[in-house]
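Novice: Listed here are the chains, written in short residue letters.
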Amino acid sequence: MAYFSKHYHSPGTAPGTLVSTSPSTRPVSIHLIDYTEENVEEERLASPQECQAYLERDTKTWIQVNGPVNVDTLRTLGDMFNLHDLALEDVLNSGQRPKLELYDDQLFLIAAMPILQDDALEIVQVSLFVGKNYLICLCPLEEDPFEPIRKRMRNPSNKRFASRDIDYLLYALLDLITDSAFPVLEAFGDKLEGMELELLEQPRKQTLSDIHRLKRELLFMRRVLWPQRELLTTLMRVEDPLINPDTLIYYRDCHDHSVQIIELLESFRDMATGMLDIYLSSISQRTNETMRVLTIIATIFIPLTFIVGVYGMNFQNPDSPWAMPELAWYYGYPMVWGLMIAITAGLVWFFKRRGWL
Amino acid sequence: MAYFSKHYHSPGTAPGTLVSTSPSTRPVSIHLIDYTEENVEEERLASPQECQAYLERDTKTWIQVNGPVNVDTLRTLGDMFNLHDLALEDVLNSGQRPKLELYDDQLFLIAAMPILQDDALEIVQVSLFVGKNYLICLCPLEEDPFEPIRKRMRNPSNKRFASRDIDYLLYALLDLITDSAFPVLEAFGDKLEGMELELLEQPRKQTLSDIHRLKRELLFMRRVLWPQRELLTTLMRVEDPLINPDTLIYYRDCHDHSVQIIELLESFRDMATGMLDIYLSSISQRTNETMRVLTIIATIFIPLTFIVGVYGMNFQNPDSPWAMPELAWYYGYPMVWGLMIAITAGLVWFFKRRGWL
Amino acid sequence: MAYFSKHYHSPGTAPGTLVSTSPSTRPVSIHLIDYTEENVEEERLASPQECQAYLERDTKTWIQVNGPVNVDTLRTLGDMFNLHDLALEDVLNSGQRPKLELYDDQLFLIAAMPILQDDALEIVQVSLFVGKNYLICLCPLEEDPFEPIRKRMRNPSNKRFASRDIDYLLYALLDLITDSAFPVLEAFGDKLEGMELELLEQPRKQTLSDIHRLKRELLFMRRVLWPQRELLTTLMRVEDPLINPDTLIYYRDCHDHSVQIIELLESFRDMATGMLDIYLSSISQRTNETMRVLTIIATIFIPLTFIVGVYGMNFQNPDSPWAMPELAWYYGYPMVWGLMIAITAGLVWFFKRRGWL
Amino acid sequence: MAYFSKHYHSPGTAPGTLVSTSPSTRPVSIHLIDYTEENVEEERLASPQECQAYLERDTKTWIQVNGPVNVDTLRTLGDMFNLHDLALEDVLNSGQRPKLELYDDQLFLIAAMPILQDDALEIVQVSLFVGKNYLICLCPLEEDPFEPIRKRMRNPSNKRFASRDIDYLLYALLDLITDSAFPVLEAFGDKLEGMELELLEQPRKQTLSDIHRLKRELLFMRRVLWPQRELLTTLMRVEDPLINPDTLIYYRDCHDHSVQIIELLESFRDMATGMLDIYLSSISQRTNETMRVLTIIATIFIPLTFIVGVYGMNFQNPDSPWAMPELAWYYGYPMVWGLMIAITAGLVWFFKRRGWL
Amino acid sequence: MAYFSKHYHSPGTAPGTLVSTSPSTRPVSIHLIDYTEENVEEERLASPQECQAYLERDTKTWIQVNGPVNVDTLRTLGDMFNLHDLALEDVLNSGQRPKLELYDDQLFLIAAMPILQDDALEIVQVSLFVGKNYLICLCPLEEDPFEPIRKRMRNPSNKRFASRDIDYLLYALLDLITDSAFPVLEAFGDKLEGMELELLEQPRKQTLSDIHRLKRELLFMRRVLWPQRELLTTLMRVEDPLINPDTLIYYRDCHDHSVQIIELLESFRDMATGMLDIYLSSISQRTNETMRVLTIIATIFIPLTFIVGVYGMNFQNPDSPWAMPELAWYYGYPMVWGLMIAITAGLVWFFKRRGWL
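Protein chains in written order, with UniProt numbering: chain B, 1 to 357; chain D, 1 to 357; chain W, 1 to 357; chain V, 1 to 357; chain Z, 1 to 357.
Just so you know, the hints here were simulated from the structure itself, not pulled from any lab data. All C-beta atoms, glycine included, are put in the ideal place defined by N, C-alpha and C. It cannot be assumed that every hint is accurate.
[Unchecked claim] So, partial list: chain W residues that the calculated Cβ filter (under 10 Å) puts toward chain D:
#1 S5
#2 S10
#3 P11
#4 F81
#5 H84
#6 E101
#7 L208
#8 S209
#9 E289
#10 L294
#11 V310
#12 R354
[Claimed, not checked] The calculated lysine-lysine pairs, modelled on BS3-like cross-linking and capped at a C-alpha distance of 27 Å, are:
#13 Z:K151 / B:K205
#14 W:K132 / W:K99
#15 B:K352 / W:K205
#16 D:K151 / W:K6
#17 V:K191 / D:K205
#18 B:K6 / V:K191
#19 B:K99 / B:K6
#20 W:K352 / Z:K205
#21 B:K151 / D:K6
#22 W:K205 / D:K191
#23 W:K151 / Z:K6
#24 Z:K132 / Z:K99
#25 V:K205 / Z:K205
#26 D:K352 / B:K352
#27 V:K159 / B:K205
#28 Z:K205 / V:K6
#29 B:K159 / B:K132
#30 D:K6 / B:K352
#31 V:K6 / Z:K191
#32 Z:K99 / Z:K6
#33 D:K205 / B:K191
Throw the hints in and build the complete structure from the sequences for me.
Specialist: Right under this line is the structure:
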């Protein structure tokens, strides 16, 4: 995960310039669902032009474009649905902040969907255009994450989509996008728990970089999900004919989840930050213990080594009574041992009293 | 206590899907109190259908459902009292944020009741539905925590419940839920005091994990009680026919307690965070002391050991006057002792001046 | 000072339950001042019932109840002056947040007066009831802290109290309560200065717990004085017939002091928090110095000890020219000394260059 | 980069005093573009007086003054275009906060353009005066940073500039100024990544000062870009005849970028701050490892050295059976080796169990 | 600089009590400027009573009182200009928060002027009373800091003061007071730069207390300048006949400076706080280096000393082939040297690989 993950045009580029950042040569995969109260029609299109037919009908149409979109497709869609240049530019320049733009008879939303790929956080930018009876959703993932919704639509007993306007479909998509943070947070929670255990038991060097990486991921996730929460707040308050008042209760539910996600992120971040302090304290504690072992060993043996050194001296003057007479004493050697045992006992007692042993 | 404690449906699940997270097979325990100004009737029901009879009467009815609720009971209650699907889903998915939903002629509240179980914090999610003349309260605890209120209701001299609308009962329940934070905070305060003493006297490795755990509990408690305070603020300001203006003074009292609880939590958290710094400082202080002991011992004995080493050398050249003549001096040995005592005295004086002894 | 200092009823207790937390058996001490524009009458009453006489007159009456109040006195006063049950409960449950309640023709205030007792911070809860022509002030202290105000009232040349309504008396009391934070803060400032000096000169273990205690006291004081500031803001903005517009300038002055106190508290807290860092840095600096002494001593003597050890070896083979021939050299011993002096000089030069000596 | 980078007049100087801080002697370089819907005229002027001719025509004129401006040029422009004295003073006193001043028929903006020069952040102050049909832009850089815009204007197929009022030109300039933060942030992101790797792998002393420098640059950049964001917010909300409602969508886009830049800055700063903790933890971890090596070596060899010291003692009393009889034992020497090997094995086992080896 | 720098009356003192905190016996120094559009008259008065003459004229009068003011002068001025008692009390009680009081036909301002005295920050409290055609400014400094303004007034070509109302003079004074923070901040910036260099190169014990002192000064300065900024905001928004709309542009300029000063203070404080972390990291780094030197020396020499100790043992049993036969080997001594060189080489290689050498 890069620190700077935004794509941008060189400063001074004209607004609305469309340059693809990942020029893919594969054809686009367009999944279209056309539905009315009676009927749900589903089709896979090869080119964006084929949407034209559905546009003219008086049915609700969901156009799902999966995989990295190329400039041509985008421009075709832009012309067909009258999409604003600045919006199209945002679709291509990934790494945008979630946002909501109100055009005359269109809503443009950028939403951020957090997913885990190979145990690493990735933020997928989903772009949504909503008109009176169509919704275009562009998602750079190859695999369509919105399959669960399509499944609900296909279910003939489920009349919710059919009986409601296109804003209910928008809600369903946004709800899925928002809720996809929960599995990610669950994985993060597990990681935190693992780290916490490791920290208190056996801090390793690796733990430090693990904490750091998680903190970065939390920070990054919060940076994109915070404006997403704002987006949902705005959607709930906006007075736009495209948003029906009776869908609001669903948006409120979605917003509640969004708030809960942010709160979880905040507290995870708090905990991750606190873990660095624990790491430091834990290391200091271990250094202190290491020191104590060294000090005990050294403090006991250094005086003893000195004593045996004394009696290793070679002072010899047969005429002098002062030339290490101890060496010739009858009990000299046992007495030295006695002295050394006494010193050791004294130091052990001293360390015990200090609580070091 | 898990980092991630929320139950959620897999993203893309239809709103209002009811799946029990803890499928209990035991029958539900329903405790019903039906009261008017004159009379208090109390009954234990075996199935939710039996409530029907009370619903039709013009009396105030409190339906208390204890223990983990199963999907069937919930659906029956939902049909009978016309409860919203999204609300029922929230009742089952525990770990929700406290919230207040205003439906047309109903209030739906989720409240969080902190309790201590085996010295560990637990947040119990209490769900409340309030209608014109009924209140349904669902609490996953086996043992009914609201017994004190029932006791007050049974007291014939207490006319408060009887003479007031159902919103006074709601207040009584919310007041009990809010106030149950006080014993928890008292226990936390005692823990903090214990830790503080331990930290300053004798920091152990265990202390570190104790602080960390308490910090997590405080963080967790704050995360759920903060929106609970908001809920009470909203209740005080909401203009809903179900809330009488003359009950407001009681809600205000309850809100005051809630504010005080948050403030206590904040300052406890501040103190717990500060304790990590104290732990670190305390450990560093101890390392410094250990170091000082080692340095004193080593600095005194290392030179002495060197000296006795010198006179342990075996230079012998009978022809040389330079071959360690000291060894043959008459006062050689006492002179060496004199030198060593002088060095020791000098070092002791040096350490005293530095304030190390 | 306890972490958890609030008195509370067990959750589920009926609102307005009066239970004394410190059942004192001593009779209450009631000090009454009855004043008009012409006259100031002062009396000590033995029982609350005696207030009745003054209540009926058209004079301003200040009823000061000192010492821990018992339930009976409170109930008598409550009945006589028509005080709200919830308010009376708050008077008894000490450790309340400062607050202002507006009743129909009465104000109820809880104020927090910080004082120092035996060098420890104590927050005294003063409860005030203000009516059209009476003010009841309950203060749990034995000694009356409001004597300076009484002195001003007795002064016949001071017409301010006499010529103004009861809200001026309220101001005078609140002003004294607010300003009593200044001597406390002055004492704290002195303590901080002392600690700072100690920290930078000679950090002791005791310093750590002193800082911690002061931080707790500052945190605690801020927690109660912050809502007191809000209370004064509300008093300035409230439109209540009991508060005259021309007293507002005095309330504003009092509010200004309150703001200044909070700001001082905040910056004291900032400094106290910063001191922990200084303590840690200071200890680390000392550890580093200790280490340096040890390293210098050890680094110089360890090689020397090795050298003298070499020549303490007993290799002897009269036939071998390799069996420590140095021992038999004519200048062997002085050469060893020369080598050792050279090594010492080299190391001293090395340490000098590193700036360690 | 200096901590204090603002130019100011000595306190008490009259407002509007013009003193150049960097008296350049070179002639000014003025680049003028005069454009209408049909035509784009471009010219380089030698003196500000030559602008006069264009001012009178009914065309849109962009006057770009590059390089450090001198007092005379400024005064000439001031007289010609009726610029306010306080604004001119701000142009000369570099290091101003970005701001927007609304005069009667003129806008005055100070914008901050971050660029990297020799790998160091520099904030260039761009001053803009906007009137009904002219825009004066003063930029202290020698090389014109706005060339990309001029290129777009020269393109005959681009009718945006020609067909819109002068506020579109203002947008284009502000957009370029805002977006020039992206390359700077990209470079900072790369630096952060490098530091992070270094910190976790091999923290050097230099890393500490690198982090510190980056933190200062981030802090500095945030200090000037924060008010720039406010400026753009104000521009979007201001009701001024010079700003057309249909340009607002462009300003909103520019504002969005500005918000994203601030958010990136904030999270970079968070990461940089966290890195100091990682550095400290990393160093502590290394100290702990060093200590462990020392302790293992010392703890193993100190007892061994003591033992060999014991048998280096010279106790000799031919008559005493206590005078180190071990020395004369048949297997004395191998037994000592056995003892020493046993001790070493014991200690190695002890260290293994502690996880130190 | 004291932590608690406020003068206050003992709690319970009557509002408006005037007690001088520094009873000076020197006569007051009053500097009066009386000016109209045509004429500027300047005079030094010996007593406040002499102002009376100017008060009655229809001219603008600036009364500047320098040095510590005594109670009598203040009371005379108070009576003459009808100044409020609470305001006079504030003038005497130095250490007030900057504030603005609107009286009926008068403004009362307290402003804080930061200056450096002997390299230490001092906050001078300037009190200003503004009436229809007079301005009284009381400044406790002996030397008049407002001389630059007087110089501008004396300049006959400068018609700004003469042609405008008294509020322009107020602006000029406030502008000078505000801008006097710039030289102080410039000095602080230089100090920070010096400290930073010292910290990264050679942290000394003194550095710690320098950082701490600077942090305190920044904290203190921010505490008084923050409300000063508010004061200027209020002045810009207040609708008072004493403030003319066309002076507002000047007040806005002054407010801009004030904002910039606060921002600088904040970022200086951030940097000073960060420096403590750098100090700690730097010390830890040094401790680690010291440790490394010790460990290298000890780890190399301790095994060698052990080896030479082995061959210093006195095992002698002429009959035993096990009694240290090495001592009698022909190449015994060179072999020991070979062993020791091999060990040293091995350890040096080990340290190189670890990056310690």
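Novice: Does each hint fit the structure? Answer for all of them.
Specialist: Against the structure, the hints come out as follows:
no., hint, result
1, S5, "holds (8 Å)"
2, S10, "holds (8 Å)"
3, P11, "holds (4 Å)"
4, F81, "violated (18 Å)"
5, H84, "holds (8 Å)"
6, E101, "holds (8 Å)"
7, L208, "holds (6 Å)"
8, S209, "holds (5 Å)"
9, E289, "holds (9 Å)"
10, L294, "holds (4 Å)"
11, V310, "holds (8 Å)"
12, R354, "violated (18 Å)"
13, Z:K151 / B:K205, "violated (67 Å)"
14, W:K132 / W:K99, "holds (20 Å)"
15, B:K352 / W:K205, "holds (21 Å)"
16, D:K151 / W:K6, "holds (26 Å)"
17, V:K191 / D:K205, "violated (37 Å)"
18, B:K6 / V:K191, "holds (16 Å)"
19, B:K99 / B:K6, "holds (15 Å)"
20, W:K352 / Z:K205, "holds (19 Å)"
21, B:K151 / D:K6, "holds (26 Å)"
22, W:K205 / D:K191, "holds (22 Å)"
23, W:K151 / Z:K6, "holds (25 Å)"
24, Z:K132 / Z:K99, "holds (20 Å)"
25, V:K205 / Z:K205, "holds (19 Å)"
26, D:K352 / B:K352, "holds (24 Å)"
27, V:K159 / B:K205, "violated (60 Å)"
28, Z:K205 / V:K6, "violated (32 Å)"
29, B:K159 / B:K132, "holds (20 Å)"
30, D:K6 / B:K352, "violated (49 Å)"
31, V:K6 / Z:K191, "holds (16 Å)"
32, Z:K99 / Z:K6, "holds (15 Å)"
33, D:K205 / B:K191, "holds (22 Å)"
In this structure, the earlier hints numbered 4, 12, 13, 17, 27, 28, 30 are contradicted, and the remaining ones agree with it.
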